[in-house]
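K.L.:
Residue numbers (my numbering), protein chains in the order written: chain F, 24 to 360; chain G, 24 to 360.
Hint data in this document are derived by calculation from the structure and do not stem from the laboratory.
There may be inaccurate statements among the hints.
Since the list can't tell identical chains apart, any single copy or any two copies may satisfy a pair.
Straight line, CA to CA, 30 Å or less: simulated DSS-like cross-link-like pairs of lysine-lysine [said to hold, decoys possible]:
id, residue 1, residue 2
1, Lys132, Lys82
2, Lys146, Lys231
3, Lys332, Lys174
4, Lys134, Lys340
5, Lys332, Lys132
6, Lys250, Lys340
7, Lys279, Lys250
8, Lys132, Lys71
9, Lys189, Lys82
10, Lys132, Lys352
11, Lys250, Lys332
12, Lys332, Lys134
13, Lys205, Lys246
14, Lys352, Lys146
15, Lys189, Lys146
16, Lys348, Lys279
17, Lys250, Lys132
18, Lys231, Lys205
19, Lys146, Lys340
20, Lys340, Lys82
21, Lys174, Lys352
22, Lys338, Lys250
23, Lys213, Lys132
24, Lys246, Lys189
25, Lys146, Lys82
Residue strings, one per chain:
2 protein chains.
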Amino acid sequence: MRSKGLMAAAVGVGLLLTGCEKAPHTKAIREAVSTDPLPSWNEGPTKKAIIDFVSQVTKEGGPNFVPEGDRIATFDNDGTLWVEQPNYTEAIFTLERVQQMAPDHPEWKTKQPFAAVLNHDAKAMAASGEKGLMQLLVVTHTGMTTEDFGKTVTAWIGVAQHPRFKRPYTQCIYQPMVEVLKYMRSNGFKTFIVSGGEQEFMRPWTDKTYGIPREQVVGSQIKTEFKEGMLMRLPQVDSIDDGPGKPVNIGRFIGKRPIAAFGNSDGDQQMLEYAAAGPGARLAVLVHHTDADREYAYDRESKIGRLAKALDEAKAKQWVVIDMKADWKNVFPAVAP
Amino acid sequence: MRSKGLMAAAVGVGLLLTGCEKAPHTKAIREAVSTDPLPSWNEGPTKKAIIDFVSQVTKEGGPNFVPEGDRIATFDNDGTLWVEQPNYTEAIFTLERVQQMAPDHPEWKTKQPFAAVLNHDAKAMAASGEKGLMQLLVVTHTGMTTEDFGKTVTAWIGVAQHPRFKRPYTQCIYQPMVEVLKYMRSNGFKTFIVSGGEQEFMRPWTDKTYGIPREQVVGSQIKTEFKEGMLMRLPQVDSIDDGPGKPVNIGRFIGKRPIAAFGNSDGDQQMLEYAAAGPGARLAVLVHHTDADREYAYDRESKIGRLAKALDEAKAKQWVVIDMKADWKNVFPAVAP
């Protein structure tokens with residue numbers, strides 16, 4: 024219902040100002056918000072599981088107490104903190120960059136996966152798979168300094184809009200998850216992003232958007248070379264932060280086993296396994312996209328964010344599975360007028 | 024003078040309790056300490072340069088003000104935060120592990136660099152060079168989980184003693200540098216170790232020793248594999264965090280250009296260049312080991328911690344060079360009785 028309202032309203036100049044959730048105005052609502060750390064969550068077992076976990080690990084003297092420095096929580100980004108449909112935001116950025124760069128690369132007209140992009144041939148693009156995506160990432164993400172790439176990303180993300188929700192991608196984040204991030208941090212957690220997205224695509228905006236600084240963003244990595252005081256991005260992928268690569272990179276970057284991990288797809292399965300396999304209280308959470316009206320509904324058959332094996336493991340191991348439709352009162356943040 | 028006293032005293036049961044600096048006891052000294060953030064530093068241009076830099080970047084509204092999140096300071100470890108002579112502490116750990124493992128590896132008796140270790144053949148060991156050291160690192164540092172390796176390191180570092188100073192290696196740290204770490208942190212800096220040492224060799228003790236948590240320790244890396252909820256350390260070096268590898272890893276792990284960097288050898292040259300090449304106030308510092316009495320004196324000709332090119336660049340670019348003998352009132356921390 025909400026999404027139809029959004030789409031209908033998202034025409035013309037006022038598109039960011041209408042159809043979005045309004046901040047609560049009455050005194051009663053303000054008071055409820057101030058005492059509830061997760062106001063965008065409906066009451067129920069999911070919300071309770073998150074609050075119970077945080078209460079347990081922060082209860083000094085309790086059996087599951089965890090010292091502050093060990094309160095590490097890791098969050099996937101695409102599909103866990105922000106929308107990943109109809110395509111990964113970084114993929115959309117990449118496609119637009121290919122279009123912009125095409126005049127300097129006439130050979131792309133007949134070379135896949137570039138031709139697919141230029142011809143808007145979704146089928147050929149899909150056929151080139153993850154490998155094709157990585158080729159596009161390399162040509163669009165490399166050959167400049169990290170600082171210059173950051174400027175390109177910042178400029179793009181400042182103007183690009185989600186095709187359905189007609190709002191900036193940094194507003195297509197899940198308000199309930201932003202509340203979890205803040206709630207955990209206010210309870211002494213250090214929150215990290217551990218995403219398949221490329222690190223430098225995320226770092227320019229994660230602090231402002233999620234309160235997660237650059238040094239707490241782990242992602243896939245492009246090789247760099249130090250040259251004349253600058254880091255040059257080389258046309259080579261260094262590490263893909265997905266699947267078993269996630270716990271490996273958590274070990275490398277963070278060096279601590281998370282006590283809580285949040286994901287939404289099979290690419291997050293090993294990260295959740297790694298968090299869950301430690302001693303004491305553990306929180307392994309999957310965002311299950313069940314809300315076609317307000318966002319999207321997909322899991323086992325989706326090309327983006329496929330959730331099958333991890334969903335089975337979640338059921339077998341009693342991980343927490345967020346039912347977006349049932350558990351989330353709001354999906355997106357209110358956009359300030 | 025001090026070192027001879029230390030060595031003579033370091034015999035028998037009381038070795039940790041004698042010959043070391045005592046904590047200041049008089050009221051006057053306590054008061055001086057409480058107002059001086061760097062009490063182990065003699066007054067002079069070096070101390071002044073550090074304090075001036077911190078004052079500038081923290082002065083709100085000033086021309087060189089840096090927001091708190093961007094106050095990143097990186098520190099080499101060996102020779103910058105703790106003693107690296109007569110050999111890197113990790114090398115000593117490695118040699119002792121080879122001795123312990125030798126019974127299970129009869130082939131090492133005739134195979135370099137292992138034979139050199141078992142025969143205490145310093146010349147053959149030196150001849151095997153950095154490559155030999157890496158071979159030894161691989162056999163002694165891999166084939167177990169990161170958690171089990173951490174336990175091995177913790178056990179060793181709890182009992183091992185420096186051959187000359189006869190105190191634990193974690194007490195062979197430079198008190199003036201510990202004061203710099205604390206001083207910078209109390210001024211909103213985030214302090215990172217960026218060392219050639221292997222990450223998991225440092226992480227078990229850096230928090231207690233320097234106040235630097237595991238996730239802020241960047242070093243050389245051993246490849247790991249995720250298996251049954253654990254990270255297994257594979258017999259393969261992933262990245263060597265030295266020379267140009269330091270700025271590359273700073274970009275990868277921290278994602279911010281440091282505004283201050285501290286090193287002591289040519290392996291730190293590019294890290295200092297990277298920090299110094301940014302805009303605004305910058306602090307690039309070399310620890311110059313000039314104190315054979317209290318610690319060691321070495322630079323251009325040293326096999327460990329060679330300082331030649333970086334010293335020339337420091338002079339040309341007016342980086343801060345710490346003269347250990349002249350600038351440091353104390354070298355090591357007082358050991359609590």
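K.L.:
Evaluate each hint against the coordinates.
P.N.:
Hint check results:
With identical chains, the CA atoms of lysine 132 and lysine 82 are never at most 30 Å apart, being 61 Å at best within one copy and 55 Å at best between copies. In the homo-oligomer, the alpha carbons of lysine 146 and lysine 231 never lie at most 30 Å apart, since the shortest distance is 36 Å inside one protomer and 56 Å across protomers. Proximity of lysine 332 to lysine 174 under the C-alpha cut-off of 30 Å is found in neither arrangement, the shortest distances being 38 Å within a copy and 34 Å between copies. Proximity of lysine 134 to lysine 340 under the C-alpha cut-off of 30 Å is found in neither arrangement, the shortest distances being 46 Å within a copy and 49 Å between copies.
Taking the shortest alpha-carbon separations for lysine 332 and lysine 132, neither the intra-copy value of 38 Å nor the inter-copy value of 49 Å comes in at or below 30 Å. Taking identical chains as interchangeable, the C-alpha atoms of lysine 250 and lysine 340 lie at most 30 Å apart only when they sit on different chains, with a minimum of 17 Å there against 49 Å within one chain. Taking the closest pair of Cα atoms, lysine 279 and lysine 250 come within 30 Å of each other only across two copies (16 Å); inside a single copy the shortest separation is 32 Å, beyond that limit. Taking the shortest Cα distances, lysine 132 and lysine 71 never come within 30 Å of each other, neither inside one copy (54 Å) nor across copies (61 Å).
For the identical chains of this complex, lysine 189 and lysine 82 are neighbours neither inside a copy (43 Å) nor across copies (41 Å), given an alpha-carbon limit of 30 Å. When the C-alpha separation of lysine 132 and lysine 352 is checked against a cutoff of 30 Å, the pair qualifies neither within a copy, at 47 Å, nor between copies, at 69 Å. Taking the shortest alpha-carbon separations for lysine 250 and lysine 332, only the inter-copy value of 17 Å comes in at or below 30 Å, while the best intra-copy value is 44 Å. Proximity of lysine 332 and lysine 134 under a CA criterion of 30 Å is satisfied in neither setting, with 35 Å inside one chain copy and 47 Å between copies.
In this homomeric assembly, lysine 205 and lysine 246 never come within 30 Å of each other (Cα to Cα): the closest approach is 32 Å inside a single copy and 33 Å across copies. For a Cα distance limit of 30 Å, the shortest separation of lysine 352 from lysine 146 qualifies neither inside one copy, at 36 Å, nor across copies, at 71 Å. Taking CA atoms no more than 30 Å apart as the test, lysine 189 paired with lysine 146 passes inside one copy only; the shortest distance there is 25 Å, against 70 Å between copies. In this assembly of identical chains, lysine 348 and lysine 279 lie within 30 Å of each other by CA distance neither inside one copy nor across copies; the values are 33 Å within and 39 Å between.
Proximity of lysine 250 to lysine 132 under the C-alpha cut-off of 30 Å is found in neither arrangement, the shortest distances being 33 Å within a copy and 43 Å between copies. Taking the closest pair of Cα atoms, lysine 231 and lysine 205 come within 30 Å of each other both inside a single copy (13 Å) and across two copies (28 Å). For the homomeric pair lysine 146 and lysine 340, neither the shortest alpha-carbon distance inside one copy (37 Å) nor that between copies (56 Å) is at most 30 Å. Taking the closest pair of Cα atoms, lysine 340 and lysine 82 come within 30 Å of each other only inside a single copy of the chain (25 Å); across copies the shortest separation is 53 Å, beyond that limit.
For the homomeric pair lysine 174 and lysine 352, neither the shortest alpha-carbon distance inside one copy (35 Å) nor that between copies (46 Å) is at most 30 Å. In this homomeric assembly, lysine 338 and lysine 250 come within 30 Å of each other (Cα to Cα) only across copies, at 21 Å, whereas the closest approach inside a single copy is 50 Å. Neither within a single protomer nor between protomers do lysine 213 and lysine 132 lie at most 30 Å apart by alpha-carbon distance, with minima of 46 Å and 48 Å respectively. For the homomeric pair lysine 246 and lysine 189, neither the shortest alpha-carbon distance inside one copy (34 Å) nor that between copies (43 Å) is at most 30 Å.
Within a single copy, lysine 146 and lysine 82 get their C-alpha atoms no closer than 53 Å, and across copies no closer than 57 Å, so neither meets the 30 Å cut-off.
Hint compliance for this structure: hints 1, 2, 3, 4, 5, 8, 9, 10, 12, 13, 14, 16, 17, 19, 21, 23, 24, 25 are broken, all remaining hints hold.
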